[in-house]
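J.: Add chain B to chain A, keeping to what the hints say.
Here is how the chains run, residue by residue.
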Amino acid sequence: MEAARSSQRARAVIGREKSDSLSFLDLGILTVDLAGFDAGRKYCGLVRRLSAAISTDLEVSEGISMAVPNAVGESVLMGGGERKRKRGSEPSAPLSKWRTEGEQRIYSSRLIEALRRVCQSSASAPSASSSDHVRSCAVRKAADRVLAVSARGRTRWSRAILSGRTLKHRVRPKGSRPKPVISAIVARAAAQRRKTPALEKKTRVLGRLVPGCRKLPLPSLLEEASGYITALEMQVRAMSTIAEAFSAAGSASLPPIHANPM
Amino acid sequence: MSSRRNRARQSGSSRITDEQINDLVSKLQSVLPEAGIRRNDRASAAKVLQETCNYIRSLHREVDDLSERLSKLLEESSSDQAAIIRSLLM
Numbered sequence: 001m002e003a004a005r006s007s008q009r010a011r012a013v014i015g016r017e018k019s020d021s022l023s024f025l026d027l028g029i030l031t032v033d034l035a036g037f038d039a040g041r042k043y044c045g046l047v048r049r050l051s052a053a054i055s056t057d058l059e060v061s062e063g064i065s066m067a068v069p070n071a072v073g074e075s076v077l078m079g080g081g082e083r084k085r086k087r088g089s090e091p092s093a094p095l096s097k098w099r100t101e102g103e104q105r106i107y108s109s110r111l112i113e114a115l116r117r118v119c120q121s122s123a124s125a126p127s128a129s130s131s132d133h134v135r136s137c138a139v140r141k142a143a144d145r146v147l148a149v150s151a152r153g154r155t156r157w158s159r160a161i162l163s164g165r166t167l168k169h170r171v172r173p174k175g176s177r178p179k180p181v182i183s184a185i186v187a188r189a190a191a192q193r194r195k196t197p198a199l200e201k202k203t204r205v206l207g208r209l210v211p212g213c214r215k216l217p218l219p220s221l222l223e224e225a226s227g228y229i230t231a232l233e234m235q236v237r238a239m240s241t242i243a244e245a246f247s248a249a250g251s252a253s254l255p256p257i258h259a260n261p262m
Numbered sequence: 001m002s003s004r005r006n007r008a009r010q011s012g013s014s015r016i017t018d019e020q021i022n023d024l025v026s027k028l029q030s031v032l033p034e035a036g037i038r039r040n041d042r043a044s045a046a047k048v049l050q051e052t053c054n055y056i057r058s059l060h061r062e063v064d065d066l067s068e069r070l071s072k073l074l075e076e077s078s079s080d081q082a083a084i085i086r087s088l089l090m
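Note that the protein sequences, when read in sequence, are chains A and B.
Position 171 of the first sequence, counting from 1, maps to 171 under UniProt numbering, and the rest follow consecutively.
Position 61 of the second sequence, counting from 1, maps to 61 under UniProt numbering, and the rest follow consecutively.
Looking at chain A on its own, in the form it has when it is part of the complex (with noise of 0.2 angstroms):
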């Protein structure tokens, strides 16, 4: 009975996902369904703060200290991925759902929302601050942020771009997340005595590419990297596909719409 209920309420979240976007507040409510943890409570309200702060443009600066354990988040969206395979017959793995075409058509109506909302900005602020340089930049940072967004924040990388974007633009105002910091100080210790110097280095550079990663133990660095490249990918055929569009629009000089205003 409680699985009945919970998975109707998967259903009627996705279904809902069609319109608009999926927030991470309905993720906090699927998870305290599924789990019936305290902690979904207070995650609920940490994702209303946050989903506020996206709807507003905001950059969060303080760290999602995820209180949803991943095993949850992923039975969420397992429930998720079969529904949406409906449309194309994937495999049940995480990484494949990159690879369906409906995720990037709602990718790319996501991203094209949120490129209006760029040119808008540019448009009504003066000319000074629009060069190319910060108007890219900003493309940029609304692509990932989409992208993170699409992640449903399931992965840690996209917590991470999500929470502040930490790597490519300012330090970190605190030293780390309170995750918890002791038993990854452990793993690092066991993997190490496995790791040669080389790997060592090679990890903390891989870790300093994908987003909030940079203390993670080999195994979640892995996982992480292989969900992030695949999303990357999709980013890549999304952004390309629209620029084609765009160009394509922009030589073939189309007559401007004067029949239905908007």
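No lab work stands behind these hints: they were computed from the structure.
Predicted model, so just to flag it, every value in this text is computed and none were measured.
Nothing false has been slipped in among the hints.
Here are the simulated DMTMM-like cross-link-like pairs (lysine to aspartate or glutamate), alpha carbons at most 20 angstroms apart as the crow flies:
1) K72(B) to E62(B)
2) K72(B) to E113(A)
3) K141(A) to E75(B)
4) K47(B) to D18(B)
5) K202(A) to D23(B)
6) K202(A) to E51(B)
7) K141(A) to D65(B)
8) K141(A) to E233(A)
9) K201(A) to E51(B)
10) K141(A) to D64(B)
11) K47(B) to E200(A)
12) K202(A) to D18(B)
13) K47(B) to D23(B)
Simulated DEER-style distance windows between Cβ atoms:
14) R116(A) to S26(B): 33 to 43 angstroms
15) S124(A) to D18(B): 48 to 58 angstroms
16) R116(A) to T17(B): 48 to 58 angstroms
Note that the Cβ used here is the ideal one computed from N, Cα and C, for glycine as well.
T.: For chain B alone, coordinates are given in the frame of chain A:
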């Protein structure tokens, strides 16, 4: 076997087995764009990590180039065209 892996992960990954790492490394390798035929364990973990770093860097560069292109295209297109393109892509 999978239960052992799950248990290791849930207990703060206190027992990272070599096999677990090799598993993840091979999964990562499958994601990378393989030009050669070096799939069967011949790529050591260090090589896979190196390829991964290079690949991520190149993807970042592509995203930067594309966002530059998009920003240039955005400033010269009107909002009408943006609406058209959105309807085309949906």
